[in-house]
Amino acid sequence: MKNILWEHILAVRTQSPLVHNITNYVVMNNTANALLAIGASPIMAHAREEIDEMVALCNVLVVNIGTLDDVWVDAMLQTARQARILNKPWILDPVGAGATAYRDQVLSELIALRPTAIRGNASEIMALAKANQSKTKGVDSTAQSQDALAAAQVLHELTGVVVGISGETDFIVSAQPVIQIHNGTPLMTRVTGLGCSASALIGAFLAVVENKTEAMTAAVALLSVAGELAEKTSNGPGSLQMNLLDKLYTLTEDEFKNTLRIETL
Amino acid sequence: MKNILWEHILAVRTQSPLVHNITNYVVMNNTANALLAIGASPIMAHAREEIDEMVALCNVLVVNIGTLDDVWVDAMLQTARQARILNKPWILDPVGAGATAYRDQVLSELIALRPTAIRGNASEIMALAKANQSKTKGVDSTAQSQDALAAAQVLHELTGVVVGISGETDFIVSAQPVIQIHNGTPLMTRVTGLGCSASALIGAFLAVVENKTEAMTAAVALLSVAGELAEKTSNGPGSLQMNLLDKLYTLTEDEFKNTLRIETL
Amino acid sequence: MKNILWEHILAVRTQSPLVHNITNYVVMNNTANALLAIGASPIMAHAREEIDEMVALCNVLVVNIGTLDDVWVDAMLQTARQARILNKPWILDPVGAGATAYRDQVLSELIALRPTAIRGNASEIMALAKANQSKTKGVDSTAQSQDALAAAQVLHELTGVVVGISGETDFIVSAQPVIQIHNGTPLMTRVTGLGCSASALIGAFLAVVENKTEAMTAAVALLSVAGELAEKTSNGPGSLQMNLLDKLYTLTEDEFKNTLRIETL
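Chains as they are written, first to last, in the numbering used here: chain R, 6 to 270; chain S, 6 to 270; chain U, 6 to 270.
Note that these hints are calculated values from the structure, not bench results. Quick reminder that beta carbons are idealized off the backbone N, C-alpha and C, glycines included. Please note that the accuracy of each hint is not assured.
[Said to hold, decoys possible] Every beta carbon over 10 Å from chain U, so not counted as near; a handful from chain R, in silico:
no., residue
1, MET33
2, ARG53
3, VAL78
4, LEU82
5, GLY103
6, LYS135
7, LEU192
8, GLN246
9, THR257
10, GLU260
11, LEU270
[To be verified] With a Cα cut of at most 25 Å, we get these calculated BS3-like pairs of lysine-lysine:
no., chain 1, residue 1, chain 2, residue 2
12, R, LYS237, U, LYS237
13, R, LYS237, S, LYS237
14, U, LYS237, S, LYS237
15, S, LYS237, S, LYS262
16, R, LYS237, R, LYS262
17, R, LYS7, R, LYS237
18, S, LYS262, S, LYS7
Kindly produce the complete structure, drawing on both the sequences and the hints.
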């Protein structure tokens, strides 16, 4: 498994996929920098006049609803539709799912356009699963991490999407056995937008890796391992943000394989 | 006083208030990172469809007009109105007050919605005071820092708001005696958006501290002390920005109390 | 030549020009920080209600179409028109020229408003030249760097604008002999928006330097030299971004003159 994941990391570095991002204002800069650091090429564009051409140019689409409004939602829907028409993979980051009725309605419309993958934190994945199944299948009665895993499985069964849950342990849920990654550091939660970076990185891997479960696993493993190693030379969240970009760029095969703690359920 | 301020800093770290920001594009990323570094939880959201729910979810609102336009001004006004209805504290950062007629008009509408606090630099506070009093009370005939202090007092008397003036010396003006903080470093003016960070941090403290003068004082003291200490290990504005985030996160009681230079007029 | 360029760098530091930016969401933060680091004062503002006043207040305008849409294009056109009326210099950064029909149409409208300068990478300059000349003068049949240089000359002849081409070698094309700068480092391409920073810095120099060819040359030389020196203490793109801001701020005359490799064709 570690060998395959490392090969995928090299594939992104050498093939430099063009990643079209419709993402939130807060993280545009570090999302672009994270993509550049792993060897991908980021594009940010949202004008309805050029979306169809941009989707055609790019290898994958990343939609992140963080700072959504009606103009941006129109762009997200148009881009996702076009990605589907052109048969390009796309990933949805459901930032703040469950926080407001508006977010949940927009997420339903986006999920109806069949993303290839979805990545969120536990509460976002649980909110999505709840909104997309019948009321009687409520998943909010058991413990949280259990819930998120059950919710991810419900979401996968309903939509066929590969689901990633970020947290102390990261889960990748698909038709294959559930994968767990035990890397990263709590300090990563004090840097804004590393979840958004994870989604963008998954996008880059979806563009070059045929097996979508492996694509997500490689991206999540890369970010978690790089974050854990970057933390060792950091004095706080400011230096972690910087060292993470450096480590995404310089990570070696030995560092990756010796640090990664992965298991299949 | 130093003991009380340090207790407020610990209160933010432990209570982790949810801070709703409607702020400018330039600083969204470092505002979110500054809030995370002090232990608060930032949310950025501006869609009219979800503003009411977001205000209800959050503990405090930060409105910053930096890159305003008609869409964002509508969001600012709706959010401030909702904050008032739900009796949540909110702070206004009047970026560029006095620079254009449009800014001054928008600021008048926002101030009519009774912010809990306002923080700006000397010229912004002077512009606000001038726009909100009768012509005969013009405050622009004396020296600048005097002017800003007099202007802040006028502004406080007219609106009841707690007023912060940022500069070489920071002033906190309210019904209590004026407080001065003599920390920080000139290099902080070469990093974009540290004034905006100050306003966001004040927001976090307004959420957890009952006495609003103390809330603003604690936030301003924290940022100024952290900036001054961060400068000691910095080679320029790039490393200052990074080291400041680290120091906001790691600042100890001893560092805070030994560095803070505060006095009451 | 090196003496003159250094004098221009000092002129920006001492005169601190006010630079009005209408730029893309991805780079607003580091554009502002780069301008502050060289001693300039950045302003970001795009509301139609205040654009005319902002242009009047500022010394120069920077228009960057990176994340354009109809609202922002209206702001760009209005601002450029106003800059022309008030006879203020302005620079256009044609991000993604040639990528979509929409970008090319917007760029034609902007170029009709006679920018003082244009800076882009080789493919952007080639796309601009192609779109602005008759079909029979196609420039896409020869090798790339040759093409970009020929395209820049066509663009200069058609519009009178000073043209900058960024790349391994930077070219400045105007009525004067072509200038080449052989500084920088490939790692700079892994940091998002350094091309956008180059355009903003050129803006600052256009505001204080009468000879527009020298203005662009000084800005490009400053950024390339600072980037090359910053790379020496960097472990990857994250630390390069930070060290570059530090070096823009601290660069000395000796460092600049000893590092700069410049020649005239």
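Going down the list of hints, with the structure as the test:
Interface exclusion of R:MET33 from chain U breaks down, the closest Cβ pair being 4 Å apart, not more than 10 Å. Interface exclusion of R:ARG53 from chain U breaks down, the closest Cβ pair being 8 Å apart, not more than 10 Å. For R:VAL78, the requirement that its beta carbon stay farther than 10 Å from each beta carbon of chain U is met, with the minimum near 13 Å. Residue-level check passed: R:LEU82 sits 15 Å from the nearest beta carbon of chain U, beyond 10 Å.
With a cut of 10 Å on Cβ distances, R:GLY103 stays outside the contact zone with chain U, its closest approach being about 26 Å. No Cβ of chain U comes within 10 Å of the Cβ of R:LYS135; the nearest lies about 32 Å off, and the non-interface call holds. Against chain U, the non-interface label of R:LEU192 holds: every CB pair exceeds 10 Å, the least being about 15 Å. Not every Cβ of chain U is farther than 10 Å from the Cβ of R:GLN246; the closest lies at roughly 7 Å, contradicting the non-interface assignment.
Distance check for R:THR257 against chain U: the nearest CB is about 12 Å away, which clears 10 Å, and the non-interface claim stands. With a least beta-carbon separation of about 13 Å from chain U, R:GLU260 lies farther than 10 Å from that chain, consistent with its non-interface assignment. For R:LEU270, the requirement that its beta carbon stay farther than 10 Å from each beta carbon of chain U is met, with the minimum near 34 Å. For the hint pairing R:LYS237 with U:LYS237, the CA-to-CA distance comes to about 22 Å; that is within 25 Å, so the pair holds.
Only pairs whose Cα atoms come within 25 Å are accepted, and R:LYS237 paired with S:LYS237 is accepted, the gap being roughly 22 Å. A distance of roughly 22 Å separates the Cα atoms of U:LYS237 and S:LYS237; the hinted pair therefore holds under the 25 Å criterion. Annotation: proposed proximity of S:LYS237 to S:LYS262 holds, straight-line Cα distance about 17 Å (limit 25 Å). Our distance criterion of 25 Å between C-alpha atoms is met by R:LYS237 and R:LYS262, whose separation comes to about 17 Å.
Of the pairs offered as hints, the one joining R:LYS7 and R:LYS237 holds, with about 22 Å between alpha carbons and a cut-off of 25 Å not exceeded. Between S:LYS262 and S:LYS7 the alpha-carbon distance is near 6 Å, which keeps this suggested pair within the 25 Å criterion.
Going through the hint list in order, the structure does not satisfy hints 1, 2 and 8.
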